Amino acid sequence: MSTPTTWRPPKLIANPFLRYGLISFAVLYLICSLVPNLVPYVSLDIDWARAGRGLPRAADMLKRMVPPDFSRWELLQKGVFESVRMALAASLLGMILAIPLGLCAARNLVPMPVYLVGRAMLAITRTFHEVIIAIFFVKIFGFGPLAGVLTLVVASMSFIGKMLAEDIENMPPGQLEAIRATGASFPKMLLYAVQPQMLPRYLGVSIYRLDANIRHSTVVGIVGAGGIGQVLAASFSRYDYDFSLAILLTIITLVFLGEFFSNWVRGRLR
Amino acid sequence: MLSIADLIKVYPTGTRALNGVTLKIDQPQVVAIIGSSGAGKSTLIRCVNRLIEPTSGRVVLNELDVTTLSRADLRKARRRMGMIFQEYNLVERLTVMENALSGRLGYVNFWQAYRRRYPPADISTAFELLDRVGLKGYQDTRADALSGGQRQRVGIARALMQHPDLLLVDEPTASLDPKTSRQIMRLLCELAHERGTPALVNIHDVGLAQSYADRIVGLAGGQVAFDGTPSQLTHQVLTDIYGEEDWSKTIRKVDKDDKKPKDRDALDRESAAG
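If you're matching them up, the sequences are chains A and B in order. Residue 35 in my numbering sits at position 35 of the first sequence, with consecutive numbering throughout. Here my numbering runs 270 ahead of the position in the second sequence, where the first position is 1.
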């Protein structure tokens with residue numbers, strides 16, 4: 001018997017010097033960055049003494065948070081409903097706008113110039129986080145749900161559009177070819193080859209986006225774009241921590257319900 | 271009916287898939303195109319309906335020069351050419367009926383297509399055809415619920431819904447088991463003959479081509495290397511098309527009934543007896 005009796009899987013990085021070198025570098029870098037003023041351009045300016053002083057403050061804040069104060073439930077309810085309405089409106093509008101955007105960004109459907117414009121729009125709208133877009137819209141349109149809805153529309157449109165474009169590009173080319181071979185025009189090809197194959201995924205992604213919009217509607221509120229987030233930010237700045245906890249619990253319930261609903265719907269979309 | 275003259279296709283990668291193919295079909299017959307992978311079979315039939323744009327040469331179908339048509343006229347010309355694919359290429363989430371009716375997409379307007387309101391004549395033709403290809407009662411089944419053989423039957427029905435002047439068939443049996451392959455080839459050839467529609471059929475299986483086709487064209491290196499009847503296929507011809515190999519097990523006696531046993535011993539016995 002000359003065959004070996006032991007076998008080890010090949011390592012991700014074959015060269016041992018490189019492998020251990022990289023591991024040591026990562027560990028060393030982490031240590032250097034966390035110790036203040038140790039290595040220029042690497043160390044972060046972290047005052048660990050402040051971290052220590054923050055702990056009793058955190059305990060105090062937690063103490064003032066419990067029990068949660070639901071007495072101002074009308075304000076809470078108004079905020080929640082506004083968030084949900086913002087999320088719904090933004091999801092629906094985003095779903096509609098995502099269709100032309102997604103089609104324009106699918107290389108197998110449109111000519112190169114259209115594709116580049118479509119992709120550029122997707123890239124630009126996806127570069128910035130919702131909060132940054134929300135800051136812009138609050139500056140332009142003022143505080144309130146208009147800025148929030150517009151933010152979520154932009155985010156939903158680019159998210160659903162991106163998914164749609166990727167899905168269309170991953171379609172087997174045969175179906176498009178077959179429909180084209182019958183002499184069908186471009187719109188009819190969309191109707192018979194693209195739409196039926198894309199519809200369940202599109203609805204699934206849109207429902208997921210509705211769920212995400214409910215979560216994000218609470219965040220964009222913090223910069224003043226309406227909804228429950230705005231109520232939360234106000235309560236923090238007034239040190240109404242017990243009301244803040246009530247809002248946080250409500251948001252948790254809301255997000256949980258949204259996710260439950262989204263999973264339930266997507267489970268049925270097969 | 272169909273005449274292909276000096277057709278050349280050079281892909282952007284520099285591959286010369288077709289190198290001057292000239293071919294004439296002047297009677298309704300089933301023409302099998304054989305040749306090794308990369309010989310240009312798929313390119314040839316896709317150049318006929320210009321799913322692939324030929325580099326030069328002419329394709330003339332019933333006095334109409336397909337190669338010079340504008341986009342809109344090309345769509346009109348494609349309506350007269352039914353295509354059948356190796357992977358069936360049905361739209362899987364649509365029903366059998368919608369897939370069959372998609373053969374009429376070139377004739378209905380957008381809203382008719384959108385609302386699935388096809389003219390009564392189309393609907394009745396579709397039912398007849400589904401019945402004819404052996405899928406009676408399947409009209410509401412979704413295409414992804416069908417077996418491979420059944421999908422190809424829908425593919426055939428879709429192509430025939432176009433009332434084509436020409437059938438372009440790309441490896442109709444390559445994804446099917448041997449028995450289903452024979453059934454599909456038989457159905458295809460029967461329908462082509464019944465309707466007097468000529469068919470260009472790309473096929474890998476030389477035995478099937480010999481059993482069912484009226485005429486065989488061999489492609490090698492993007493050119494026609496053989497053009498003749500199934501019985502003219504000899505050891506030498508297959509060597510010209512595919513290269514040197516022991517062809518004695520491949521060449522069969524032409525028989526159109528399906529009684530031939532398929533196992534090797536039986537084939538040997540038969541060739542010994544003949």
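Think of the hints as simulated: they come from the structure by calculation, not from any bench. Quick caveat: nothing in here was measured; it's all calculated off a predicted structure. Some hints here could point you the wrong way.
[As the list claims (entries may be wrong)] Only part of the chain B face toward chain A is listed, based on derived beta-carbon distances under 8 angstroms:
(1) Val280
(2) Tyr281
(3) Asn319
(4) Leu321
(5) Lys346
(6) Ser372
(7) Leu375
(8) Arg385
(9) Pro389
(10) Gln432
[Claimed, not checked] Quick list of simulated restraints, FRET-style, between CB atoms:
(11) Thr283(B) x Ile252(A): 28 to 38 angstroms
(12) Pro113(A) x Asn379(B): 44 to 54 angstroms
(13) Ala415(B) x Ser71(A): 40 to 50 angstroms
(14) Phe25(A) x Ala415(B): 17 to 27 angstroms
(15) Thr504(B) x Leu199(A): 15 to 25 angstroms
(16) Val114(A) x His474(B): 55 to 65 angstroms
(17) Thr520(B) x Gly267(A): 44 to 54 angstroms
Note that CB positions come from ideal geometry on N, CA and C, so glycine has one too.
Verification of the supplied hints:
The beta carbon of Val280(B) comes no nearer than 21 angstroms to any beta carbon in chain A, farther than 8 angstroms, and the hint placing it at the interface is violated. Hint status for Tyr281(B): violated, given a least beta-carbon distance of 16 angstroms to chain A, over 8 angstroms. Below 8 angstroms, beta-carbon pairs count as interface contacts, and Asn319(B) has one with chain A at about 6 angstroms; its hint therefore holds. Interface hint at Leu321(B): satisfied, since its Cβ lies 6 angstroms from the closest Cβ of chain A, which is below the 8 angstroms cut-off.
Checking Lys346(B) against chain A: minimum C-beta separation of about 7 angstroms stays under 8 angstroms; hint holds. Interface hint status for Ser372(B): upheld, as the beta-carbon distance to the closest one in chain A is roughly 5 angstroms, under 8 angstroms. Proximity of Leu375(B) to chain A holds as hinted, the smallest CB-CB distance being about 4 angstroms (cut-off 8 angstroms). Nearest Cβ of chain A to the Cβ of Arg385(B): about 10 angstroms, over the 8 angstroms cut. The hint is violated.
Look at Pro389(B): its Cβ only gets to about 16 angstroms from chain A, farther than 8 angstroms, so that hint breaks. The criterion of a C-beta within 8 angstroms of any C-beta in chain A is met by Gln432(B), whose closest approach is roughly 6 angstroms, and the hint holds. A C-beta distance of roughly 57 angstroms is found between Thr283(B) and Ile252(A), which places it outside the suggested range of 28 to 38 angstroms. For Pro113(A) and Asn379(B), the Cβ-Cβ distance of about 29 angstroms falls outside the hinted range of 44 to 54 angstroms, so the restraint is violated.
Here the CB-CB span from Ala415(B) to Ser71(A) is close to 58 angstroms, at odds with the stated 40 to 50 angstroms. For the pair Phe25(A) and Ala415(B), the beta carbons lie near 56 angstroms from each other, so the given range of 17 to 27 angstroms is not met. At roughly 54 angstroms, the beta-carbon separation of Thr504(B) and Leu199(A) lies outside the given 15 to 25 angstroms, and the hint is violated. The supplied range of 55 to 65 angstroms is broken by Val114(A) and His474(B), whose beta-carbon atoms lie about 39 angstroms from each other.
Range check, Thr520(B) to Gly267(A): Cβ separation about 52 angstroms, and the 44 to 54 angstroms hint holds.
Hint violations for this structure: numbers 1, 2, 8, 9, 11, 12, 13, 14, 15, 16, all remaining hints satisfied.
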